[in-house]
Structure formats: structure tokens, C-alpha cells
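Starting from the given sequences, assemble the full structure and let the hints guide the process.
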Amino acid sequence: MTNPNAGCCTSASKPTDADYDIVVIGAGSAGFSAAITAAEQGARVALIGAGTMGGTCVNVGCVPSKTLLRAAETIHHAQHAERFAGIAAQARLTNWSALVAQKQALVDDLRQAKYLDLLAAYDQVTYLEGPAKLVDGGVAVADTLLPTDKVIIATGTRPAQPSIAGIDAIPYLTSTTALELNKPPASLLVIGGGYIGCELAQLFARVGVKVTLVTRHRLLAQGEPEISVALSGYLRDEGIEVIDQLTYTRLQQTSTGITLTIAKDGQHQPLQAEQVLVATGRTPNVEQLGLAAVGVTLNDAGGIAVDDRLRTQKKGVYAAGDVTGQDQFVYMAAYGAKIAANNALNGDRLRYDNTAMPAVVFTDPQVASVGLTEAQARQVSHAVRTSVLDLNHVPRALAARDTRGLIKLVADGTTQKLLGAHILAPEGADSIQTAALAIQQGLTITELGNLIFPYLTTVEGLKLAAQTFDKDVSKLSCCAG
19 MTNPNAGCCT SASKPTDADY DIVVIGAGSA GFSAAITAAE QGARVALIGA
69 GTMGGTCVNV GCVPSKTLLR AAETIHHAQH AERFAGIAAQ ARLTNWSALV
119 AQKQALVDDL RQAKYLDLLA AYDQVTYLEG PAKLVDGGVA VADTLLPTDK
169 VIIATGTRPA QPSIAGIDAI PYLTSTTALE LNKPPASLLV IGGGYIGCEL
219 AQLFARVGVK VTLVTRHRLL AQGEPEISVA LSGYLRDEGI EVIDQLTYTR
269 LQQTSTGITL TIAKDGQHQP LQAEQVLVAT GRTPNVEQLG LAAVGVTLND
319 AGGIAVDDRL RTQKKGVYAA GDVTGQDQFV YMAAYGAKIA ANNALNGDRL
369 RYDNTAMPAV VFTDPQVASV GLTEAQARQV SHAVRTSVLD LNHVPRALAA
419 RDTRGLIKLV ADGTTQKLLG AHILAPEGAD SIQTAALAIQ QGLTITELGN
469 LIFPYLTTVE GLKLAAQTFD KDVSKLSCCA G
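Numbers 19 to 499, taken from my numbering, label the letters of the sequence shown in order.
To be clear, the hints were calculated from the coordinates, so they are not data collected in a lab. Think of the CB as a built atom: it goes at the ideal place given N, C-alpha and C, for glycine as much as any other residue. Please note: incorrect hints may appear among the correct ones.
To be verified - FRET-style restraints, in silico, Cβ to Cβ:
1. Asp-135 / Asp-167: 29 to 35 Å
2. Asp-345 / Lys-493: 38 to 44 Å
3. Ser-492 / Pro-189: 52 to 58 Å
4. Gln-240 / Ile-261: 17 to 23 Å
5. Arg-396 / Lys-493: 25 to 31 Å
6. Leu-316 / Ala-281: 30 to 36 Å
7. Gly-60 / Gln-240: 40 to 46 Å
8. Asn-372 / Phe-102: 38 to 44 Å
9. Met-375 / Pro-149: 28 to 34 Å
10. Leu-316 / Gly-155: 18 to 24 Å
11. Thr-195 / Pro-149: 19 to 25 Å
12. Val-406 / Gly-155: 53 to 59 Å
13. Lys-132 / Glu-198: 19 to 25 Å
14. Gln-331 / Thr-195: 33 to 39 Å
As the list claims (entries may be wrong) - Each computed DSS-like pair below joins lysine-lysine, with the alpha-carbon atoms no more than 25 Å apart:
15. Lys-228 / Lys-121
16. Lys-333 / Lys-151
17. Lys-332 / Lys-151
18. Lys-121 / Lys-132
19. Lys-489 / Lys-435
20. Lys-201 / Lys-228
21. Lys-84 / Lys-201
Here it is as C-alpha cells:
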């Protein structure tokens, strides 16, 4: 097998083992962000990776899944072109292997450009192949001790395995292996109703797989219930069987595939499929780091416990990205790593702030959120006001003849400041940053409603949703402000 890291790094003119100002463990998005941030300040950096460089996002997460999702979306939209009068179109999957190969070519190109080639531009960074372990006085890499009093841990996560009887005997798929299949299965059982489960269930359904999606709670359980209910309906409309509010009893392999027995409403029910995909979250990679021996503790999510400066309980040791078990998005990993590197080198002046952190689920319609949900706002004692706007009140959706979705805004009833925005809409992700800026700048719902928005855009829905707090938007004229 070709080494995906081959030719990336030479250390002929790099610092010696004893010369590092800071050691970064993990060569994914957080690790690279930390290493580059430190190098730009003149620090000599040891960047330690283990396995394929680039981490989850570019290799097995964001990039491969989103390009395949877009391909499947193309099929779906062609099949529904008849919503416009006088148009007929068809599309179907003809060569899954070619699609997967195209996906992999994109992954390889981005890994080369954004990771392997990038190291050559930073003479201050030396790449070392791990694994690495924290020890007294520094970091051990194989048989070599790197003396240092500054360490950033950015080792990421891996797919989690839920506690289901029989699972150890089942050759189940993960979000990684599902995107590497030689061919799609005839039927697929997806366990987990989070963003990974929802995205991949829709992806495989749109390329012709019979999909059943099961979850213990509701889809996207941490989000707004209105969005969960609506998205469940849209997935069912596409032929996906969605079963929620259940418990998993047992997994068994049979001569024809895999059976999951569930318990729902007091009844046991067997669900059968050719293959099963487990998408029940991700587990931080912490086991091999020697954390307990040096006094680094874990949080309730199994990640490394950090404060708002990204410090662990061990002086000089920081952690950033998915390994902390919080805000598991590539952009938050990069953001947190910059803070960790700056604080390690410059005295802990910067604070990690996720108040205006946007999040996107790349289903179709997309789910985009920022700020507090209604439930979260009530938990912290806000006097909550909400508005919910169906997309049949948004001109862009009417013109596109696709009114699937809604926009929900959460505001403080006393200050009228926007606290949260939650969008379910085709291409809704492209509108969420406007809401993020509104929250970051402390805008009120009146100020948001008074802003000038371009007509026939999805983002105009934010203005209409803000006006919905005090007006009946169905009685406004076109473009009424």
C-alpha cells in the first residue's frame, strides 16, 4: 500500500530533538492549526502524527461525505424536476466505484495541498511519526524523549461503538468504511439519529438503497424539536423508514444479513438489512497518551477536560479539537488550536468562546444552527420569545418550488436580543453566518428585522422570521420592510 504521507516531510535543516519550544500531538486540522500558529510566532515545533496525515475531516469525514452527498442530491433533484411545468428529467447511479474513486481523488488532492505540501512552507515545524505519550519532562515518541514544558494534544476522535448486545460479533459499517464500499448494499440499517446518521441515511437512500434509520430519541435530539419532526417527515417522504423513541436489544448476523431487535412501545421488533451502519457518535482518542500518569483528567464525554483557556489540569499541557469531546467541528478544532497555541506561548490571555458557533447538518434540506435553542435558553433563565416561520412564506422557496423547511429564532424577551437561529432549508447553511454575526454583535430582533436583505434569497427568511415576532408576515407585501 502506498504511504499517504510519503514525501511530505524532511528534517535535514530542522531543529534537533532537544530544541523544540512546543510539542503538538496530532496531525489533523487542530494539530496543524496549533503548529502553524506557534511557528508563525517563531517557536520551534514538533508535530507528531500517527497514521494518515490530515485527520478526520479531509480523509474520512467532511470532504468525502459532502462530495458524495452532493452527488446523491444531483440524482434526487433530477428525479424531481417535474415540479417545474414542461420539464422532465431522470438520473440514476450507474457506477458507484467511479463515484467513490472521484471522491478519493478529491481527498488525496486536498490532503496533499492542505497538509503534506504545507509543511514545506514552515521551517520551524518538524514532523515526526508517532504514536506519542506524555511522560515526566516532556513527550515520548517511540524511544525518543522530546523535552518540553509546553504540549498541545489534538489527537481527534474515532467512530464510537454503542453498547448493544451482540455488536462485537457483527461486521458493521462506520462512517469511514461506508464511504469505501465497493458497491452499495441492497438494504441498510443506520443506527443513530445524529448528523452522521441522518446524512448517510439520505445519501444511501438516494443512490437506491432501502434504508431504515433508527434512534433512541428523535432525530438531531439536541436541536429544535420542530426541525426534528419536519426532517423526519422529509426523510420518510423519500422512502426512508425512520423509527425513533426506541431501545436496542440485540444485533445478530443471519444468512441474509444482519438483524437488529428493537423494543418500542413495549413490543420487540426485528429489523433486517443486508448491512448495518453504526453512527452513534465519536470517541476521543485518549487511551494511549499516558494521561492519568501525568495528571490529565477526562470529562463526562470521555474527552480531555479543559478550561476556557484550553488548559488541562497539568501545567503546560493544553488540548484542542475533537479530543476534548466538545464542539466537534473542523473549524472549531482549528479555532481552539490557535487559542491553545497562543496561550501556551503567551500566557493564557485568550478565551475559547463558542457563543456564535455555527453548525450545519448536510441533509437536504440542510439544518443550520447557531446560538441557543429554546430549551437551552430557558435552562439559563432567559425570558424566552420564539418565532417559527415556514418556508412557504419565503419568496425564494416559492420561486424554487421547494418549500420544505422552516426558520426558528430564539430571543430574550427582556432585551429582545437574538439568542439563537435554527434553519431547515435547501442550502440553509449559506444563511447561518448572518445569524452568527447578529448574535456576536448583540443585535435585537427588531434590528435584524430592519436590516436590508436581498430579495429572493434564502437568507431573507431571517428578516421575515424576525418580523414574525410582532407581525403576520402573510399580510406583508413583496419586499415589505
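Evaluation of the provided hints:
1. Asp-135 / Asp-167: 29 to 35 Å: Hint holds: Cβ distance 31 Å, inside 29 to 35 Å.
2. Asp-345 / Lys-493: 38 to 44 Å: Because 40 Å falls inside the window, the suggested range holds.
3. Ser-492 / Pro-189: 52 to 58 Å: The hinted range 52 to 58 Å holds for Ser-492 and Pro-189, with Cβ atoms some 53 Å apart.
4. Gln-240 / Ile-261: 17 to 23 Å: For Gln-240 and Ile-261 the Cβ distance comes to about 19 Å; the hint holds.
5. Arg-396 / Lys-493: 25 to 31 Å: 30 Å, holds
6. Leu-316 / Ala-281: 30 to 36 Å: The hinted range 30 to 36 Å holds for Leu-316 and Ala-281, with Cβ atoms some 31 Å apart.
7. Gly-60 / Gln-240: 40 to 46 Å: At 41 Å between Cβs, range holds.
8. Asn-372 / Phe-102: 38 to 44 Å: Cβ of Asn-372 to Cβ of Phe-102: about 41 Å, so the range 38 to 44 Å holds.
9. Met-375 / Pro-149: 28 to 34 Å: 30 Å, holds
10. Leu-316 / Gly-155: 18 to 24 Å: With a Cβ separation near 23 Å, Leu-316 and Gly-155 satisfy 18 to 24 Å, so the hint holds.
11. Thr-195 / Pro-149: 19 to 25 Å: With Cβ atoms ~22 Å apart, the hint holds.
12. Val-406 / Gly-155: 53 to 59 Å: Distance hint for Val-406, Gly-155 holds at roughly 57 Å.
13. Lys-132 / Glu-198: 19 to 25 Å: 21 Å, holds
14. Gln-331 / Thr-195: 33 to 39 Å: 36 Å, holds
15. Lys-228 / Lys-121: With Cα atoms ~23 Å apart, Lys-228 and Lys-121 stay inside 25 Å; holds.
16. Lys-333 / Lys-151: Roughly 16 Å separates the two Cα atoms, so the pair holds.
17. Lys-332 / Lys-151: Given pair Lys-332, Lys-151 holds - Cα atoms ~14 Å apart, limit 25 Å.
18. Lys-121 / Lys-132: 16 Å, holds
19. Lys-489 / Lys-435: Roughly 17 Å between the alpha carbons, so the hint for Lys-489 and Lys-435 holds.
20. Lys-201 / Lys-228: Judged against 25 Å, a Cα distance of about 14 Å means the pair holds.
21. Lys-84 / Lys-201: Answer holds: Lys-84 to Lys-201 is near 18 Å, not above 25 Å.
Violated hints are absent here; each numbered hint is respected by the structure.
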